[in-house]
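J.: Letter by letter, the chains look like this.
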Amino acid sequence: MTEASGLPLEGPQGPKPRRVLSRRNIFLYGTLFVITLYYAMPLYVMIVTSLKGMPEIRLGNIFSPPMEVTFEPWVKAWSQACTGLTCNGLSTGFWNSVKITIPSVILSISIASVNGYALANWKFKGANVFFTILIFGAFIPYQVMLYPIVIILREIGLYGSLGGLVLVHTIFGMPILTLLFRNYFSSLPEELFKAARVDGAKFWGIYFRIMVPMSLPIFTVAVILQVTGIWNDFLFGVVYTGPETYPMTVSLNNIVNSTQGVKEYNINMAATIITGLVPLTIYFVSGRLFVRGIAAGAVKG
Amino acid sequence: MCAALPQALLRVEAMSNSIEIKNLDLRFGSFEVLQDLNLDIGKGEFLVLLGSSGCGKSTLLNCIAGLLDVSAGQIHINGENVTWAEPSERGIGMVFQSYALYPQMTVEGNLSFGLKNAKLPKAEIAQRVKRASEILQIEPLLKRKPAALSGGQRQRVAIGRALVRDVDVFLFDEPLSNLDAKLRADLRVEIKRLHQKLNNTMVYVTHDQIEAMTLADRIAIMRDGKIMQLGTPDEIYGLPMNKYVADFIGSPSMNFIDGSIKNGAFTVDELNLSLAGYEFASGEAVDRSATLGIRPEHVVTGELVSHSPYSIDVEVELIEPTGSDKLIDCQVAGHLFRVRMDGQAQVSVGETLKLGIDPARVSLFDTATEIRL
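In the order they appear, the protein sequences are chains A and L. If you read the first sequence in numbering that gives the first Met the number 0, its first letter stands for residue 0, the second for the next number, and so on. If you read the second sequence in numbering that gives the first Met the number 0, its first letter stands for residue 0, the second for the next number, and so on.
Just chain A, with the same shape it has in the complex:
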């Protein structure tokens, strides 16, 4: 107590008191809880089922935790489950997917970022027409182009190979990625670009020395978009590759939908979780950067 506060103040003072159990809070947290359950339950069921043996599954208690934990379904899903005629599990598909995703992601992002940079900073003749055509490409349904691309790939000898699928993924990633990079680079202060030009930096110099170092957030966003998009792709995978080169999603489908003998739910669940692990990991690792990157274009820093 200081001398000045000899007379205690009357009436409201200090922080306004807030009730923990107000109607607003109950409603808010109640809703959040229900939504969390809605999303968490299926995951819970999957994990629990994948750790049970078949006899336990047949009891039908899908919510009960496993009485006897077994990792056999996971091992089986990875290396022994049958996809049609072969019984190599998911492993072949996994490595195929890795071989498809990594080059596709690197190629598409490298090209799209240069595209976006050129469109945003070097206002060349016809830039707007080029950009409009590119964006228009984003709105054409894939189904329209499926068969023409089959013919094109056949003619250039890439049909059924991983290289062909990489090419398709790179091309289809182009519109949205270019838009993403163009908008990000446009949001960077133009004077920075001008200063670099006065300093004698050329097209690639400005790109590598000035623009790329400032663009970690948007590169993260692009990587997440492409990795999840290409990893989860089923349609292109099933159309443009053969049984030897099927990506993981197609293998998973073949395991789950194979009709020989009994349906092994535990193996199916394990296989699905394994397939989903890659995008899931990406989200967990870079979630923070992802949010920052998406907001980065909206507000000028």
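These are computed hints drawn from the structure, not numbers from a lab. Be aware that one or more of the hints could be misleading.
[Stated by the list, open to error] Ranges of calculated distance between the beta carbons of each label pair, as one might list FRET restraints:
1) A:Thr227 to L:Asp35: 55 to 61 Å
2) L:Gly43 to A:Trp203: 36 to 42 Å
3) A:Trp94 to L:Asp165: 56 to 62 Å
4) L:Asp68 to A:Trp203: 19 to 25 Å
5) L:Ser281 to A:Ser186: 53 to 59 Å
6) A:Ser186 to L:Pro251: 39 to 45 Å
7) A:Asn127 to L:Lys21: 28 to 34 Å
8) A:Ser186 to L:Ser176: 18 to 24 Å
9) L:Phe27 to A:Thr227: 38 to 44 Å
10) A:Ser186 to L:Ser149: 21 to 27 Å
11) A:Trp203 to L:Asp165: 21 to 27 Å
[What the hints assert, rightly or not] Only some residues are given here: those of chain A computed to face chain L with a beta carbon under 8 Å:
12) Pro188
13) Leu191
14) Lys193
15) Arg196
16) Val197
17) Asp198
18) Ile209
19) Pro212
A virtual CB, placed ideally from N, CA and C, is assigned to each residue, including glycine.
Given the structure of chain A, go ahead and fit chain L onto it with the hints provided.
T.: What follows is chain L alone, placed relative to chain A:
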């Protein structure tokens, strides 16, 4: 003859211009930003491009820098036609309003970036960075990133980036607009010192007339892509060539009264100001309608009125004390008329004040064309 010789030499010296802009046009689509603009800037001159926003002053600077392609005309720097040259080949250094420092590089990296691009030897780069950082007193900051600098320090680094290039022409694009008032005044003085020390050509864009008046050797006042007047600060202030310039320069701005010139006097209502002592551009007074312009600080009050050729009584309507001055609002011939008085002057609202006007210090403009008479 002997006396005329140095004079002739001086003229040759003055003719070696640093920057020459010839018939410059710039269009964005059908929109004319700059129209048939001609401007010569002498070696070592400090030229300020002054104008309100959208007048084309920054655009002109970007054209000089080579950051915008011109639609027509030529730009010469140091006697070379650089109209098609890259910005880095023009021998210019530029300072931007937003500093435009490369955020991921240290101060040292920012200063040396241009030199590395020019493939200068390492020792030369180190020596130039050292010299620039000494001049600008930023040596302790060399290892820091721009994010760890204050606004004033950042702008100093930005100036340093132009300095290390060792060029003859500096271009400033509103370099002080992002700083607070105190810092702005400090850096303004520093830029002036820098110019005195380096003595290279500087082109400085601003919308702040105080900056323009204090820094400039010559000011070009721009409006709608055209130069309204080009002259020394004294000329711009004392002999504005048109009403726009007269109105733009000076704060509070010039008082304008519409009336007419009859028999060598400006008359309207109760005002009848003899123009003996006013220097007409055409040499003589012609009867016509005209606008009279008087700066608030060119009206005298108190004892000085008796020395004035003309005086008029007004009623004080409003007083704005600013400390050093008092600004008085009153009415003359039905127009608002502002007078600057000494800050210590005793005056109250409603009082009758005697104002003294010297015709030698007024400006007269044609009412229709707004050009100085």
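J.: Let me make sure I understand: some of the numbered hints might not hold for this structure. Which ones are they, in numerical order?
T.: none
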